[in-house]
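Be aware that the sequence shown starts at 1, since it is given in full-length UniProt numbering, and climbs by one per residue.
Since the hints were derived computationally from the structure, they do not count as laboratory data.
Just so you know, these numbers come straight off a predicted model, no measurement behind them.
Every residue gets a Cβ at the ideal spot worked out from N, C-alpha and C, and that includes glycine.
Keep in mind that a hint or two might mislead.
Using 20 Å as the maximum straight-line C-alpha spacing, the simulated EDC-like pairs for lysine to aspartate or glutamate come out as follows [to be verified]:
hint: 1; residue 1: Lys-114; residue 2: Glu-41
hint: 2; residue 1: Lys-138; residue 2: Asp-158
hint: 3; residue 1: Lys-76; residue 2: Asp-158
hint: 4; residue 1: Lys-138; residue 2: Glu-80
hint: 5; residue 1: Lys-215; residue 2: Asp-158
hint: 6; residue 1: Lys-81; residue 2: Asp-158
hint: 7; residue 1: Lys-138; residue 2: Glu-87
hint: 8; residue 1: Lys-76; residue 2: Glu-87
hint: 9; residue 1: Lys-138; residue 2: Asp-73
hint: 10; residue 1: Lys-114; residue 2: Asp-43
Restraint-style ranges between C-beta atoms, simulated for each label pair [said to hold, decoys possible]:
hint: 11; residue 1: Leu-173; residue 2: Val-54; range: 24 to 34 Å
hint: 12; residue 1: Gln-187; residue 2: Leu-72; range: 37 to 47 Å
hint: 13; residue 1: Gly-46; residue 2: Gln-155; range: 38 to 48 Å
hint: 14; residue 1: Ala-57; residue 2: Val-202; range: 24 to 34 Å
hint: 15; residue 1: Leu-173; residue 2: Gln-31; range: 34 to 44 Å
hint: 16; residue 1: Ala-188; residue 2: Trp-23; range: 33 to 43 Å
hint: 17; residue 1: Leu-72; residue 2: Leu-185; range: 36 to 46 Å
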Amino acid sequence: MKKGVFFWINVTLWIVAVLVSLWAYPQLPEQAPVHWNYAGEVDRYGSRLELVAVGPAITLLVLVLSQVTRRLDPLKGNYEKFSSTHETVMTSIVAFMFFLQMTVIANALGWTVKVGRVLPVAIGILFIILGNVMPRVKQNYFMGFRVPWTLADPQIWDKTQRVGGYTMVLGGLAMMLLGLFSSQLPQAAGIALLLTSILAIVFVPTVYAWWLYQKGGTRPVG
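Model the full structure from these sequences, guided by the hints.
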């Protein structure tokens with residue numbers, strides 16, 4: 001898919017999210033649910049302005065920063081090597097934020113939305129998509145598993161992104177299962193599964209990169 005197509009998908013999703021938010025704003029209660037706990041129960045309410053504004057604002061910030069950082073990156077020459085992957089990642093994030101915005105608005109309007117199930121499944125799908133493309137990300141300072149040992153050695157970088165991709169896919173599957181079967185799982189088991197998935201995504205690639213470096217890599221950056 002051409003870069004311009006990704007751009008227009010992102011712009012379209014953002015504009016639609018803003019328009020839906022503006023349409024919904026007068027119909028929303030003064031206070032609406034904006035956060036849910038593991039059990040899918042509302043644990044924080046916010047103003048309707050917060051509900052309609054935060055999502056599009058974060059999405060716009062992410063899109064702007066994604067373009068700024070690639071121009072500031074000392075390894076910006078590498079971005080051309082994974083340009084389509086970079087765009088896939090950004091569009092996946094924008095699509096997730098769009099879905100999240102539609103979900104919280106629908107819930108606030110009184111539509112039947114099982115947020116405790118829907119959001120973990122959506123997060124899981126996002127992780128699976130990102131995990132599948134992560135091995136194609138080349139060395140840079142802003143995307144992928146960036147630790148001193150991966151930044152120091154292109155081979156360590158490539159191997160770590162591959163392992164990190166596997167852990168993200170597995171973590172995404174765990175998140176989907178958590179959302180689909182949360183009502184059948186004891187709360188302690190669900191929390192344990194969630195924490196284990198997050199820790200695995202963070203620490204397995206990091207430890208693996210360190211282990212590869214110990215086997216014989218170049219000196220790590222920083």
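Item checked: Straight-line alpha-carbon gap Lys-114 to Asp-43, limit 20 Å -> Since the Cα atoms of Lys-114 and Asp-43 sit roughly 15 Å apart, the hinted pair holds (cutoff 20 Å).
The hint says 38 to 48 Å between Gly-46 and Gln-155; measuring C-beta to C-beta, is that right?
The hint (38 to 48 Å, Cβ to Cβ) holds, given that Gly-46 and Gln-155 are roughly 47 Å apart.
_For Lys-138 and Glu-87, compute the direct alpha-carbon distance and say whether it is at most 20 Å._
Given pair Lys-138, Glu-87 holds - Cα atoms ~13 Å apart, limit 20 Å.
| query | Straight-line Cα separation of Lys-138 and Glu-80 no greater than 20 Å? | reply | holds, 9 Å
query = CA of Lys-81 to CA of Asp-158, is that 20 Å or under?
reply = Distance of about 13 Å is within 20 Å: holds.
Regarding Gln-187 and Leu-72, is the given constraint of 37 to 47 Å on their beta-carbon distance met? At roughly 43 Å between Cβ atoms, Leu-72 and Gln-187 fall inside 37 to 47 Å, so the hint holds.
(request) Given the hint that Lys-76 pairs with Glu-87, test it: the Cα-Cα distance must not exceed 20 Å. (result) Roughly 15 Å separates the two Cα atoms, so the pair holds.
Are Leu-173 and Gln-31 spaced within 34 to 44 Å by their CB atoms? Since Leu-173 and Gln-31 have Cβ atoms about 36 Å apart, the given range 34 to 44 Å holds.
message = Can you tell me whether the CB distance of Leu-173 to Val-54 sits inside 24 to 34 Å?
response = The hint (24 to 34 Å, Cβ to Cβ) holds, given that Leu-173 and Val-54 are roughly 29 Å apart.
Below or equal to 20 Å on CA atoms is what counts here, so check Lys-76 against Asp-158. Holds - the C-alpha atoms of Asp-158 and Lys-76 are around 17 Å apart, at most 20 Å.
query: Ala-188 and Trp-23, beta-carbon distance inside 33 to 43 Å?
result: holds, 41 Å
_Pairwise hint evaluation, Glu-41 against Lys-114, where the allowed Cα distance is 20 Å at most_ = holds, 10 Å
When the structure is compared with the earlier hints, no violation turns up for any of them.
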